[in-house]
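**Student:** Chains A and B, in that order, give the protein sequences.
Counting from 1, position 382 in the first sequence corresponds to residue 382 in my numbering; the numbering is continuous, with no gaps.
Counting from 1, position 444 in the second sequence corresponds to residue 444 in my numbering; the numbering is continuous, with no gaps.
Careful: at least some of the hints might be erroneous.
Repeated chains share a single entry, so a pair holds when one copy, or any two copies, can fit it.
Unchecked claim - DSS-like, lysine-lysine: derived pairs with alpha carbons at most 27 angstroms apart:
id : residue 1 : residue 2
1  : K356      : K28
2  : K300      : K77
3  : K417      : K184
4  : K234      : K417
5  : K15       : K234
6  : K198      : K181
7  : K197      : K181
8  : K5        : K191
9  : K417      : K44
It is worth saying that the hints were derived from the structure and are not from the lab.
Treat the numbers as computed from the prediction; the structure is a model and nothing was measured.
There are 2 protein chains.
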Amino acid sequence: MIDVKDLFTKNYIDKEVEIEGWVRNHRKQKEFGFIDFNDGTYFKSVQVVYEDNLEDFLEIQKIKVGSSIKVKGKLIKSPKEEQNFEISATKITLLGDCDEDYPIQPKRHTREFLREQAYLRPRTNLFNAAFRVRSITAMAIHTYFQDRGYVYVNTPLLTANDGEGAGEMFLTTTMDLANIKKDKDGNIDFKNDFFGKKVGLTVTGQLEAEAYAMAYKRVYTFGPTFRAENSNTKTHASEFWMIEPEIAFCDLEQLMDIEEDMLKYIVKYVLENAKEEMEFLDKFVEKGLIKKLEKLINSKFIRLTHEQVITLLKEANTEFEFKPEYGQDIAKEHEKYLTEYYDAPVFITNWPKDIKAFYMKLNDDNKTVAAVDLEVPSAGELMGGSQREEDYNKLINRMKELNMQTQDLEWYINLRKYGTCIHSGFGMGFERLLIYLTGIDNIRDVIPFPRTPNNCDF
Amino acid sequence: MIDVKDLFTKNYIDKEVEIEGWVRNHRKQKEFGFIDFNDGTYFKSVQVVYEDNLEDFLEIQKIKVGSSIKVKGKLIKSPKEEQNFEISATKITLLGDCDEDYPIQPKRHTREFLREQAYLRPRTNLFNAAFRVRSITAMAIHTYFQDRGYVYVNTPLLTANDGEGAGEMFLTTTMDLANIKKDKDGNIDFKNDFFGKKVGLTVTGQLEAEAYAMAYKRVYTFGPTFRAENSNTKTHASEFWMIEPEIAFCDLEQLMDIEEDMLKYIVKYVLENAKEEMEFLDKFVEKGLIKKLEKLINSKFIRLTHEQVITLLKEANTEFEFKPEYGQDIAKEHEKYLTEYYDAPVFITNWPKDIKAFYMKLNDDNKTVAAVDLEVPSAGELMGGSQREEDYNKLINRMKELNMQTQDLEWYINLRKYGTCIHSGFGMGFERLLIYLTGIDNIRDVIPFPRTPNNCDF
Chain A
1 MIDVKDLFTK NYIDKEVEIE GWVRNHRKQK EFGFIDFNDG TYFKSVQVVY
51 EDNLEDFLEI QKIKVGSSIK VKGKLIKSPK EEQNFEISAT KITLLGDCDE
101 DYPIQPKRHT REFLREQAYL RPRTNLFNAA FRVRSITAMA IHTYFQDRGY
151 VYVNTPLLTA NDGEGAGEMF LTTTMDLANI KKDKDGNIDF KNDFFGKKVG
201 LTVTGQLEAE AYAMAYKRVY TFGPTFRAEN SNTKTHASEF WMIEPEIAFC
251 DLEQLMDIEE DMLKYIVKYV LENAKEEMEF LDKFVEKGLI KKLEKLINSK
301 FIRLTHEQVI TLLKEANTEF EFKPEYGQDI AKEHEKYLTE YYDAPVFITN
351 WPKDIKAFYM KLNDDNKTVA AVDLEVPSAG ELMGGSQREE DYNKLINRMK
401 ELNMQTQDLE WYINLRKYGT CIHSGFGMGF ERLLIYLTGI DNIRDVIPFP
451 RTPNNCDF
Chain B
1 MIDVKDLFTK NYIDKEVEIE GWVRNHRKQK EFGFIDFNDG TYFKSVQVVY
51 EDNLEDFLEI QKIKVGSSIK VKGKLIKSPK EEQNFEISAT KITLLGDCDE
101 DYPIQPKRHT REFLREQAYL RPRTNLFNAA FRVRSITAMA IHTYFQDRGY
151 VYVNTPLLTA NDGEGAGEMF LTTTMDLANI KKDKDGNIDF KNDFFGKKVG
201 LTVTGQLEAE AYAMAYKRVY TFGPTFRAEN SNTKTHASEF WMIEPEIAFC
251 DLEQLMDIEE DMLKYIVKYV LENAKEEMEF LDKFVEKGLI KKLEKLINSK
301 FIRLTHEQVI TLLKEANTEF EFKPEYGQDI AKEHEKYLTE YYDAPVFITN
351 WPKDIKAFYM KLNDDNKTVA AVDLEVPSAG ELMGGSQREE DYNKLINRMK
401 ELNMQTQDLE WYINLRKYGT CIHSGFGMGF ERLLIYLTGI DNIRDVIPFP
451 RTPNNCDF
């Protein structure tokens, strides 16, 4: 049995074919009929034509949209369009009927409606494209790193680390909620819980990845992370996938080289391997999408310090809602101004230490850290990374400054005691990348079964 | 800057090199010294030789095992072994010192000890091999499926599905455990929880994968799953990775073709891409490992029904602890007998329905289901799969027989109403595969940071 993809990519013209798949559309005439036939292996459907010489012609005409069928026939050049072909059917067999109440009819559905039908929506053009691009992008990421000798590390999702300020965590437990035991001080006694302590779902795999970078030089994670934040925006989900590369003997400048190289590689890979999907998305979702991506591939990313950025913003002839200030964070409007000003992706480095995480390398000025955010035109922040503090004493001091418990992260700190070295890493939200690549602007539409506050269906 | 891997795979003989990495071993003589130098990019270390003509010779001699260093020198053919080479150092710089209490000294450590040092153990030969093989195996799996048009689906980990009997689940919550609210019937009121209902960590992505197979024909998952079972065995972990392919228009026989083809592909890929690691594991962990794997590649997998297997076991001239019975499950000793009898992997099909899951296709005999387990010599069950029940009424009847709530899985059942088709899938535990591939017999030693009852460190 062959795939629809074979019809489009191999030469089957004038050959007999036998193929199974689903009816996307069915237009009936008195003496013949047309079926848009798709088996999911290729973005495009193939047209099946049948005529009233088929013995069960009347039965065939009753076949409903959504049904699964088997088609026998000959692949012939389409009489109308030179470059096209269709299947001239000699036999059509109904395999699985489709109920009248099938929600996915050949008409325009809103994305909100389709979100409620998340288990059926990959059968529509939009979501079929979105989730094949997701799959191809994942492969681009694995290929990029594996070809360059990075070791893929599966960092744990269940963790007793408390998130280091990266976000609110979900608690995981097997205790009986109806009968929670407390210790003599009135605190919840996690000794009875599955792991004998308080455990939740991780917000990052970075710390564990650092340990592995100290063994393999180059590693990456690619797995789920969680945030229990009650935010209902287009870019937030409670469960999403992250890519976190970590590289030993790599400083901030080299890290930016890697980020730029990786992003260009992924974009190129997707444009080459998801041609039909990207053309569809360019046409129906974000006009100019392909041009935007090709431009990125050919651009040289700008590198500025946070201080340079603030100076630039202050000198800008623009009324910002939030006034840019040295030592302060940068708002979305500033990011936008910046990437439009340069008409290219911009790395912003050397951020004020007070608005960044404890593990980032303190610069000699004692005020900034060797952090870097990548701002991309129309996408905003796509990656965030830093050189890590490799100095044992500086790391401990910084943690104490922030009133962090050092004993919980003793193993992490110890990495600075046992052959420490300059090392750097970054994190990239997989779905944020997909929003950029597909032009689909809501994170709920690039995750197969999205989880957000009060939403956990399927 | 180059990698140690470059030294072994490109031609650097007689060239000047500059390289950063760690000291694995350091042997000192009066007038010279040898450093086993490794940067993690290659399994093997390269030897660095230095002599007392270096100005800081005495300082260099103090460099401790575990330290990170930078070496400048010339790569020369080793005077002793024709096929080998070493770096004749002109300069050695200490980058990161290593404390005296460094646990990974160049001597034999027990695996139990190293498990407690999980963040350092990838620096040892055994675990360096194990986790690089893990990474390479992951890539083998992605490559196999992507090359064959499978779409990679990230099924959700947070789920309100209750596990369908596959195992105990972890509960995830953001409620205040010290102040759990109950409804008027005295039940815990999950309306106040993050998702507005009871949500836990998934035990399988199969059901969601089925929905996607109905859109793409061929899909696979590859992600974490969880079991909150209080079992402390060598093969159980609370968090592990699973691969779950699902294929539309595919019956049980075709499914077995795919399983056999995939396994052989993965084994071949790993033998080719992790040569040094596999040779090490063959030598020090499981003698004959490579031969075992090569044999698998060249074997033809046997296919037997459960009934045939029971007959064979009953006729066997062996005293089993558990007596084999028609209609009953098969014990580990039976699996072992079977694979040794055939000296090849064995597919066991058509299992008694009462010991298998609700979604498996009921055979015409009304007693067995179209399930298949793959038993592999020395590894036991490596994959479990089935043709899925594609008939709407039969599926509902089976769920009712098992007292399952159909309303929670309405979407899943609906797949049988909207263009249902014959489809099949299987699940493979990633770590169980790794145990087979590496010869390492404890699941805790093939997961970077393993989670088991009362163990959630790092």
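**Student:** Each of the hints needs a verdict: does it hold here or not?
**Tutor:** Here is what the structure says about each hint:
no.	hint	result
1	K356 to K28	neither (63 angstroms within a copy, 44 angstroms between copies)
2	K300 to K77	neither (45 angstroms within a copy, 42 angstroms between copies)
3	K417 to K184	neither (38 angstroms within a copy, 56 angstroms between copies)
4	K234 to K417	neither (43 angstroms within a copy, 32 angstroms between copies)
5	K15 to K234	neither (48 angstroms within a copy, 55 angstroms between copies)
6	K198 to K181	both (13 angstroms within a copy, 20 angstroms between copies)
7	K197 to K181	both (13 angstroms within a copy, 23 angstroms between copies)
8	K5 to K191	neither (56 angstroms within a copy, 46 angstroms between copies)
9	K417 to K44	between (57 angstroms within a copy, 24 angstroms between copies)
Hint compliance for this structure: hints 1, 2, 3, 4, 5, 8 are broken, all remaining hints hold.
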